[in-house]
Every structure is written in structure tokens, then in C-alpha cells.
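> Generate coordinates for the entire structure from the input sequences, incorporating the hints supplied.
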Amino acid sequence: LAEKNGLKGIAYVDAKGDKLDRKRELSVWDQKLRDLAWMLRRVSDYRVTLDNYPALLSKAPDTALYSGWYQLRNYHDVFQFAPGSIGYHIASEEAVSIRDPEEKGWCKNMLERGVSATLGAIAEPYLDSFPEPRQFFGLLLTGKYSLVEAYALSSKYISWRMVLFGDPLYNPFKGEYEVPAKELGLLRDDGTLFEEIPPAPISRFEIDPIEARRKLAQKKEQIQAKIDAAFGEGQKTGQVPRPELPN
175 LAEKNGLKGI AYVDAKGDKL DRKRELSVWD QKLRDLAWML RRVSDYRVTL
225 DNYPALLSKA PDTALYSGWY QLRNYHDVFQ FAPGSIGYHI ASEEAVSIRD
275 PEEKGWCKNM LERGVSATLG AIAEPYLDSF PEPRQFFGLL LTGKYSLVEA
325 YALSSKYISW RMVLFGDPLY NPFKGEYEVP AKELGLLRDD GTLFEEIPPA
375 PISRFEIDPI EARRKLAQKK EQIQAKIDAA FGEGQKTGQV PRPELPN
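Every number in this note's numbering is 174 more than the matching position in the sequence shown, counting from 1.
Heads up, some of the hints might be wrong.
[Unchecked claim] The calculated lysine-lysine pairs, modelled on DSS-like cross-linking and capped at a C-alpha distance of 25 Å, are:
no.	residue 1	residue 2
1	K182	K348
2	K233	K206
3	K206	K318
4	K197	K356
5	K190	K233
6	K318	K182
7	K178	K318
8	K278	K190
9	K278	K318
10	K330	K190
11	K197	K330
12	K206	K193
13	K182	K206
14	K278	K233
15	K330	K356
16	K330	K389
17	K206	K330
18	K178	K348
19	K206	K190
20	K318	K330
21	K356	K206
22	K356	K193
23	K348	K318
24	K178	K190
If you are wondering where the hints come from, they were derived from the structure by calculation, not from laboratory data.
So, in C-alpha cells, the structure goes:
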């Protein structure tokens, strides 16, 4: 529904209001959340609600996008998720279980209340394992990346403790927004900023993978026929074994 009609609703960002101190990681991540809110205001037409106080949001109707922190394994039930909504709460162990009926973590309860995509950790992952909010949502807004591509490109590590929930190919923003690369703050391996948004992995496929497999099988049959013809005489006498292409 969101891919067909657009992801409608309000964007909520829940920071704590910490004064930026580059030497304190918690302070830096609080700033990352504010950066997300300001980026959303600059590049999208979403109404953006930024809570910049220690207490959590008191209400969040019509939620389309959400990122915030920090309440550990105790979901704050104030959200009304719009169809196709995407959001995550930055806290440890929010994905410990999505099946335990007594689980109070954010992932299980957000999914049960209608969020379409979220993420979390099954044990302490440390802050750096979370995708950076501005990059994750910014890549999605470009419409050039699916959910799983935006997650992979905005995550610094391949972490065994982080879990992404949602349709990996989900993409509700195709052709909707222009997002300059400078808004994302994506860094190359050498520490310099990307001046252009890198191509999405899926865009590197020139044809559909299933169609490519069909053409490969067809080409194999043609080559095998030529081999059979070339060795036909030898096969009649039993002196030359019939070679076959590997699967």
C-alpha cells in the first residue's frame, strides 16, 4: 500500500537534549538524532516532530517514520503506526524475542502494533552497531535503495547481534525525493565524504537474475550440442567419451 500510494504520516525523532560533546559517544548519538530531524525537514515534505527532552514522546499519532532512544526493553505505547511505517528504537536487547508473549521489548511490540520495518539487537551490540539514523532514512528517501540496502550501507559492521525485520525489497520512496549526498554524511574507506550517492547494489544487475539463469541454461545447451556434434564420430566407435559441461 505504501509503495503504491506513498508512505503518509508524521516523522518522529526522540532525542534527549544532550549538549554536544565530541568526547562522549552518548552525546554524539543524541546529535545524530537531531541531525536526522533537520535532514528530514530539509529534503522531505514530512511534518517532523523532534522531542529534544529526556522524557520519551508523550504521543505519536499517524507515525510514518520513527527513530529515538532510550528506554530498555520497555516499549512506550504511544505510537499509531501508518501503513508501511519504518522505525527503530536505539537501545540494547530490543530484539531478544518476538515470540515470548511477556516480552516488553520494542521490536516485538512495534511489529504487533503495525510497524512494517524495524531493527534491534539480541544482546548488547554497542552504539556503533546501529545504523546511523540520518544515513538509514536518507538512503531510503532517495528511492534508489531497498530496505535491506539502506540498512547494509548505513551499518558500520556486519553484526551478529543486530536484526532487521521487514521485507528486504521494501521501497516506498521511488522517485519521490531528491536527497543530496552531503545530507547523508556517508564516508568512504579513506574517511572522505561521498560527493555523489553511491549506486544501489541491485542497480548493478543489468537483467533480471531469473532471466539471466534461463539464458545461461540456453547457452549451455547450445554449447553442449556443438560438443556432441564434434565428438559424434568418436562416440559411435566408443573411443571418445562424451564430454559434458559442469552444472
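> Run every hint past the structure and note whether it holds.
Okay, the hints, checked on the actual structure:
1. A C-alpha spacing of about 14 Å is found between K182 and K348, which places the hinted pair at or below 25 Å, so the restraint holds.
2. The suggested pairing of K233 with K206 holds, with an alpha-carbon distance near 22 Å, which does not exceed 25 Å.
3. Between K206 and K318 the CA atoms are separated by roughly 22 Å; this keeps the pair inside 25 Å, and the hint holds.
4. Between K197 and K356 the CA atoms are separated by roughly 24 Å; this keeps the pair inside 25 Å, and the hint holds.
5. Between K190 and K233 the CA atoms are separated by roughly 16 Å; this keeps the pair inside 25 Å, and the hint holds.
6. Of the pairs offered as hints, the one joining K318 and K182 holds, with about 19 Å between alpha carbons and a cut-off of 25 Å not exceeded.
7. For a cut-off of 25 Å, the pair hint linking K178 to K318 stands: about 16 Å separates their Cα positions.
8. For the hint pairing K278 with K190, the CA-to-CA distance comes to about 22 Å; that is within 25 Å, so the pair holds.
9. Taking the CA atoms of K278 and K318, the gap is near 34 Å; set against the 25 Å cutoff, the hint is violated.
10. A threshold of 25 Å between alpha carbons decides the hint, and for K330 with K190 the separation of about 23 Å falls inside it, so the pair holds.
11. The straight-line distance between the Cα atoms of K197 and K330 is roughly 19 Å, inside the 25 Å bound, and the hint therefore holds.
12. Pair hint K206 plus K193 holds up; C-alpha atoms about 12 Å apart against a cutoff of 25 Å.
13. With a C-alpha separation of about 24 Å, the suggested pair K182 and K206 falls inside the 25 Å cut-off, and the hint holds.
14. With a CA separation close to 18 Å, the supplied pair K278 and K233 stays within the 25 Å bound.
15. A C-alpha spacing of about 18 Å is found between K330 and K356, which places the hinted pair at or below 25 Å, so the restraint holds.
16. Note on K330 and K389: the hinted pairing is violated, with a Cα-Cα distance of about 37 Å set against a maximum of 25 Å.
17. At roughly 15 Å between alpha-carbon atoms, K206 and K330 fall within 25 Å of each other, so this suggested pair holds.
18. For the given pair, K178 sits about 10 Å from K348 by alpha-carbon distance, which is consistent with the 25 Å threshold.
19. Distance check on the hinted pair: K206 and K190 sit about 11 Å apart at the alpha-carbon level, within 25 Å; holds.
20. For the suggested pair K318 and K330, the alpha carbons sit about 20 Å apart, so the restraint of at most 25 Å is met.
21. About 15 Å separates the Cα atoms of K356 and K206, which keeps this hinted pair within 25 Å; it holds.
22. The suggested pairing of K356 with K193 holds, with an alpha-carbon distance near 23 Å, which does not exceed 25 Å.
23. Restraint check for K348 and K318: satisfied, since their Cα atoms lie roughly 7 Å apart, inside the 25 Å limit.
24. The suggested pairing of K178 with K190 is violated, with an alpha-carbon distance near 35 Å, which exceeds 25 Å.
Checked against the numbered hints above, the structure breaks hints 9, 16 and 24 and satisfies the rest.
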